[in-house]
Amino acid sequence: MELNRRSLLAVIGAGTAAAITGCGTGSTSAGSADGPAEGEITLLTPIYEGAKGKTLLEGKILGGFRKKYPDVKVNVDYTTYAQLNEKITTGLAGGLLPDVLMMGVGWIPPFAAKKAIAELPEKLATAHDYEKRVLEPSRYDGKLYALPVVLDTRIVVYRKDHFAEAGIKKPPANWAELRAVAKQLTRDGRIGFDPFSIELRQCWETFLFANGGRLFSEDGKKVLFNDARGVEALQFFKDLIKDGSAVYAKKTELGAPTNVATGKASMMMTTSALWVQVTEQNPELIKEDKLGAFVLANRKPAMLQGGTLVTQSASSKHPAAARALVEYLATPESILGAASQRGSVPGLRDLNDSSYVKENQFVDLSLQNLQHAVSEGGTAAWMEIREKIKPTLEPAIVGDQSAKDAIAELGRLAEAAIGRM
1 MELNRRSLLA VIGAGTAAAI TGCGTGSTSA GSADGPAEGE ITLLTPIYEG
51 AKGKTLLEGK ILGGFRKKYP DVKVNVDYTT YAQLNEKITT GLAGGLLPDV
101 LMMGVGWIPP FAAKKAIAEL PEKLATAHDY EKRVLEPSRY DGKLYALPVV
151 LDTRIVVYRK DHFAEAGIKK PPANWAELRA VAKQLTRDGR IGFDPFSIEL
201 RQCWETFLFA NGGRLFSEDG KKVLFNDARG VEALQFFKDL IKDGSAVYAK
251 KTELGAPTNV ATGKASMMMT TSALWVQVTE QNPELIKEDK LGAFVLANRK
301 PAMLQGGTLV TQSASSKHPA AARALVEYLA TPESILGAAS QRGSVPGLRD
351 LNDSSYVKEN QFVDLSLQNL QHAVSEGGTA AWMEIREKIK PTLEPAIVGD
401 QSAKDAIAEL GRLAEAAIGR M
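Everything in the sequence shown is counted per the working numbering, starting at 1 for the first residue and increasing by one.
Among the hints, a few may not be true.
Quick list of in silico lysine-lysine cross-link-like pairs, BS3-like style, CA-CA up to 25 Å [to be verified]:
{"no.": "1", "residue 1": "170", "residue 2": "287"}
{"no.": "2", "residue 1": "52", "residue 2": "73"}
{"no.": "3", "residue 1": "388", "residue 2": "87"}
{"no.": "4", "residue 1": "183", "residue 2": "290"}
{"no.": "5", "residue 1": "404", "residue 2": "222"}
{"no.": "6", "residue 1": "170", "residue 2": "290"}
{"no.": "7", "residue 1": "68", "residue 2": "317"}
{"no.": "8", "residue 1": "73", "residue 2": "60"}
{"no.": "9", "residue 1": "238", "residue 2": "183"}
{"no.": "10", "residue 1": "87", "residue 2": "115"}
{"no.": "11", "residue 1": "358", "residue 2": "132"}
{"no.": "12", "residue 1": "160", "residue 2": "170"}
{"no.": "13", "residue 1": "115", "residue 2": "317"}
{"no.": "14", "residue 1": "221", "residue 2": "388"}
{"no.": "15", "residue 1": "115", "residue 2": "388"}
{"no.": "16", "residue 1": "221", "residue 2": "390"}
{"no.": "17", "residue 1": "358", "residue 2": "52"}
{"no.": "18", "residue 1": "264", "residue 2": "183"}
{"no.": "19", "residue 1": "73", "residue 2": "54"}
{"no.": "20", "residue 1": "317", "residue 2": "73"}
{"no.": "21", "residue 1": "68", "residue 2": "123"}
Derived CB-CB ranges, DEER-like [said to hold, decoys possible]:
{"no.": "22", "residue 1": "49", "residue 2": "243", "range": "30 to 38 Å"}
{"no.": "23", "residue 1": "170", "residue 2": "67", "range": "48 to 56 Å"}
{"no.": "24", "residue 1": "239", "residue 2": "349", "range": "36 to 44 Å"}
{"no.": "25", "residue 1": "68", "residue 2": "164", "range": "49 to 57 Å"}
{"no.": "26", "residue 1": "217", "residue 2": "67", "range": "41 to 49 Å"}
{"no.": "27", "residue 1": "395", "residue 2": "90", "range": "24 to 32 Å"}
{"no.": "28", "residue 1": "420", "residue 2": "165", "range": "49 to 57 Å"}
{"no.": "29", "residue 1": "219", "residue 2": "122", "range": "15 to 23 Å"}
{"no.": "30", "residue 1": "356", "residue 2": "281", "range": "17 to 25 Å"}
{"no.": "31", "residue 1": "217", "residue 2": "399", "range": "27 to 35 Å"}
{"no.": "32", "residue 1": "75", "residue 2": "408", "range": "44 to 52 Å"}
{"no.": "33", "residue 1": "356", "residue 2": "122", "range": "23 to 31 Å"}
{"no.": "34", "residue 1": "221", "residue 2": "129", "range": "30 to 38 Å"}
Simulated from the structure, these hints should not be mistaken for lab results. The structure displayed is predicted, hence computed values, not measured ones. Even for Gly, the Cβ is constructed at its ideal location relative to N, Cα and C.
Hey, can you work out the whole structure from these sequences and the hints?
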């Protein structure tokens, strides 16, 4: 039977019994991985992109794993984050879930709630010196289901030379200052601020958190973003566009030199990974110290913390081998390799003094501000809700819909999704 996108989302979003049955007979018990690590397993990953990433993973990282576990064969299934949810959900529905999965922050509660992934021994949380904040997205209902591999924070990067030319002495400390600075920097076809070159979902969430708002209650059963703080976050985008200091249509294409790198924007919301991209595409900006970065703030400083976690399928036929790979991919050596390749933030205190961190100013800034990091997700209905955020909020940015109406509609959709769990 052919599964379309709507039916796939229903499997994980509405939680059908068929999805749970399709997971196979694997247990979610942490003790199910007892025994020798052996057998043939599959790793599904949305990272380690391109030839360099493949060489890093299959040559260096898995090369070390093979030496430690010679009786385990690992087959790698590469995908992208754009296709990852559908790929996992298809495997879940068909009972063919990969043994080890890498997935995003916010994804653990939905898949743990469906018993698709296995609970991990709590001792793994202290196997390395993880930042406490980094482990929070790895848990569901107080239990550990994943380990962090890399983090991707959302920060604001700005052109120091543009600021100096305009006589601006320091980064804006709140939204009022941000709006004023953006207007001041907008000139001669250059926009003052580009918040839209990252996912609209992630951009709005960052502003929501900086406004003191939250997505959901602690138990994930109540929507909290549909209050005044969520509306104000979306309205701020409309105000920037009205000022002419932000233009939704001028988003940077994925992989292309960014607006802040080319000088088409003076500030932009981006990720810590921009440092690596600029080093490769516009190294003169690094050499001439033309880029600075700051954490968005309004009622409070806030930095959206995304990233990639590694977890184990509950239905693996070789749970000991799968568990061994999960642990290995979360070791300092594996994490540092993955972070360096992507320009991501390593979530281990052991790596804070590494040359990689010290040389990447955006990663260093992120690590210094992890106390302000906030993750998306927090409800078992997240995979359904996240799909609806961009199409529901976008009409308020590109059209005449009010911010209040768009947030209210998103709130209704989220409440309905949670109600179906």
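Here is how each hint holds up against the structure:
1. 170 <-> 287: 21 Å, holds
2. 52 <-> 73: Measuring from Cα to Cα gives roughly 21 Å; hence the hint holds.
3. 388 <-> 87: 18 Å, holds
4. 183 <-> 290: 20 Å, holds
5. 404 <-> 222: 19 Å, holds
6. 170 <-> 290: Holds - the C-alpha atoms of residue 290 and residue 170 are around 14 Å apart, at most 25 Å.
7. 68 <-> 317: 20 Å, holds
8. 73 <-> 60: 15 Å, holds
9. 238 <-> 183: Cα-Cα ~14 Å, so holds.
10. 87 <-> 115: 17 Å, holds
11. 358 <-> 132: 21 Å, holds
12. 160 <-> 170: 9 Å, holds
13. 115 <-> 317: Distance of about 15 Å is within 25 Å: holds.
14. 221 <-> 388: Measuring from Cα to Cα gives roughly 17 Å; hence the hint holds.
15. 115 <-> 388: Since the Cα atoms of residue 115 and residue 388 sit roughly 24 Å apart, the hinted pair holds (cutoff 25 Å).
16. 221 <-> 390: The given pair, whose Cα atoms are some 21 Å apart, holds under the 25 Å limit.
17. 358 <-> 52: Holds, because 22 Å separates the two Cα atoms, which is no more than 25 Å.
18. 264 <-> 183: 14 Å, holds
19. 73 <-> 54: 16 Å, holds
20. 317 <-> 73: 13 Å, holds
21. 68 <-> 123: OK: residue 68 and residue 123 at ~20 Å, within 25 Å.
22. 49 <-> 243: 30 to 38 Å: Taking Cβ atoms as reference, residue 49 and residue 243 lie about 36 Å apart, which means the hint holds.
23. 170 <-> 67: 48 to 56 Å: Check passed, 51 Å falls within 48 to 56 Å.
24. 239 <-> 349: 36 to 44 Å: 40 Å, holds
25. 68 <-> 164: 49 to 57 Å: 52 Å, holds
26. 217 <-> 67: 41 to 49 Å: Hint holds: Cβ distance 46 Å, inside 41 to 49 Å.
27. 395 <-> 90: 24 to 32 Å: 30 Å, holds
28. 420 <-> 165: 49 to 57 Å: With Cβ atoms ~54 Å apart, the hint holds.
29. 219 <-> 122: 15 to 23 Å: 21 Å, holds
30. 356 <-> 281: 17 to 25 Å: With Cβ atoms ~19 Å apart, the hint holds.
31. 217 <-> 399: 27 to 35 Å: 31 Å, holds
32. 75 <-> 408: 44 to 52 Å: Given a distance of about 47 Å, which is inside 44 to 52 Å, the answer is holds.
33. 356 <-> 122: 23 to 31 Å: Once the Cβ atoms are compared, 29 Å apart, the range 23 to 31 Å for residue 122 and residue 356 holds.
34. 221 <-> 129: 30 to 38 Å: Cβ of residue 221 to Cβ of residue 129: about 33 Å, so the range 30 to 38 Å holds.
In terms of the numbered hints stated before, the structure departs from none.
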